[in-house]
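Q: Listed here are the chains, written in short residue letters.
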Amino acid sequence: MSLITPEFGLLFWQTLIFLILFLLLAKFAWKPILGSLKEREDSIESALRMADQAKIEMQQLKAGNEKLLAEARQERDRMMQEATAMANQHRETEKARATSEANHIVQQAREAIQAEKNAALAEVKNTAARLSLDIAERILRRELADPAAQTQLVDSYLKEVKLN
Amino acid sequence: MKHLLSILLFLLTLPVFANEPAKGAESAQAFNPGEVILHHVADSHEWHWFSTDNGNFVSYFPIIAYQPGKGLAVFSSEKVAEGKSYDNFKLNEEHLTTLDGSKVYDFSITKNVVALAISSILLVVVFVSVAGSYRRRAGQAPSGMQSFLEPFVVFIRDEVGKKSIGPKYERYMPYLLTLFFFIWFNNLLGLTPGAANLTGNIAVTMMLALVTLVITLVSGNKNYWGHIFAPPGVPWPLYIIMVPVELIGIIVKPFSLMVRLFANITAGHIIILSFISLIFIFRTAAAGLLSVPFGLFISVLELLVAILQAYIFTLLTAMYIGSAVEDHHEEHDGAHANDFGTAEQRQGGSDLGHFAQPNVAAH
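Sequence lines, in order, name chains C and Z. Note that this note's numbering numbers the first sequence so that position 86 is 449, with each residue one more than the last. Note that this note's numbering numbers the second sequence so that position 258 is 268, with each residue one more than the last.
FYI, nobody ran anything at the bench for these hints, they're computed from the structure. This one's a predicted model, so the numbers in the text were calculated from it and none came from an experiment. Any given hint might turn out to be false.
[Unchecked claim] Label pairs and their in silico Cβ distance ranges:
no., chain 1, residue 1, chain 2, residue 2, range
1, C, Ala433, Z, Ala148, 42 to 52 Å
2, Z, Gln150, C, Ala389, 42 to 52 Å
3, C, Ile383, Z, Leu227, 18 to 28 Å
[Stated by the list, open to error] If you only want the chain Z side, here are some residues facing chain C, beta carbon under 7 Å, derived:
no., residue
4, Leu109
5, Gly111
6, Val114
7, Asp116
8, Val135
From the three backbone atoms N, C-alpha and C, an ideal C-beta is built for every residue, glycine too.
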């Protein structure tokens, strides 16, 4: 029966020693151990979080690079296109300018030719008139010895003039 | 540290080699297994290492007796050993009595008190050195004893403390860890031949259960007491039955803790001693062919029981504390479930959750 009746003395010593043990362990063992464990877990957790963040940043950087590359490519295409367009436009304007220049020159030439022609025609007319007058003078000098013939001639001239 | 442990183990192991044959010589006259076994599992005022034909090898401890009116008397237990009487005192089957029948309180340093002091010093030395390793090796991987004990500390914290108590677990961790390692170490030390059966002593388990009870009662919040004095969802006439039942429940929980640990450890010791006793009952070494394998089997099983009982005691303590500090409002349950799960999930979450049922008194 002594097995299941608690001894008062042992109960006393157990209480005393267990409480001292508890206080000693709590202060000098559990506090530093649990503190260190928590610290270590926190540092592992933060390291993992940092790694994750670095991964995300890397991805962002990569995505940024690709975006930059795509933009550069786009820019290059745009510039090429612009240059082509500009060249085409330039060619077109040059062509137009050349055409108009040519037209202008042709026009000028045509005008000059016209003027030359007019001058030449005028000269031909003058010359023809002078020749006619000379011829007429000479004829008149010879023909107008006869007055009847003079009158006749005048009449015929007049008739001609009217016709003109 | 290692040397200290090995010296201690050597000291505790030494008697077994000499012990058993010596007892055989004694029992040549009359071998009473019941008496021998009880003597081995019970507390004693002396530490009986072993006996030879030339005499007993016994360590005697001081007896501290307090008599109301007469004051304190301190003397060696050698003076009252083997039926002798000293002054007014006599040992009656390890129970200190007075010759004139007056009342005496026995505060003696018994075998269990010495074993308790040794194991406490061992615990302090081991865990303070482990704490030292944490300080020295801050930021490094654990090594040696630290790496052996760390999984247990983490297990008690995560699987027992966090799961059973909930968000307020940190306050109770020092007690839970002290409890677990105290019971485990003493269970193991109790298994070493010649050592005291400390955790199989009802006074020790009673004190541990009382501490758990006090912590539970002190931590009990409004909700806990509400469930006891006004169980929700119960019509008030039933309170006449329910409240006494709940009040009995408060006492039954630590009582079951006390009995479970005491019974498991003592039973294991009695079984091992019984197998060894067979040799002396049959008075033939051939009985050893049966006793040794069975004794070995039970001893190995006891190694498992040592940690299992420490775990169960700690887990149940954590659950009692958990029920005392829990805020069990329906609207708060969702928030709690995120971090720690509800009480029901927590109890069922452990692999050994079925030990949580108080009716599992012994394994």
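Q: Look at each hint and say if it fits the structure.
A: Verification of the hints:
Alanine 433(C) and alanine 148(Z) have their C-beta atoms about 49 Å apart, which keeps the hinted 42 to 52 Å range intact. For the hinted restraint 42 to 52 Å between glutamine 150(Z) and alanine 389(C), the CB-CB distance of approximately 25 Å leaves it violated. Roughly 23 Å separates the CB atoms of isoleucine 383(C) and leucine 227(Z), a value that falls within the hinted 18 to 28 Å. Interface restraint check: leucine 109(Z) against chain C, minimum CB-CB distance 19 Å, threshold 7 Å, status violated.
Evaluation of the glycine 111(Z) hint against chain C yields a violated restraint, the C-beta minimum of about 18 Å exceeding 7 Å. Interface hint at valine 114(Z): violated, since its Cβ lies 10 Å from the closest Cβ of chain C, which is beyond the 7 Å cut-off. A least Cβ separation of about 4 Å between aspartate 116(Z) and chain C falls short of the 7 Å threshold, and the interface hint therefore holds. Of the supplied interface hints, the one on valine 135(Z) is violated, with its beta-carbon coming no nearer than about 10 Å to a beta-carbon of chain C, more than 7 Å.
The structure fails to meet hints 2, 4, 5, 6, 8 from the earlier list, while all remaining hints are met.
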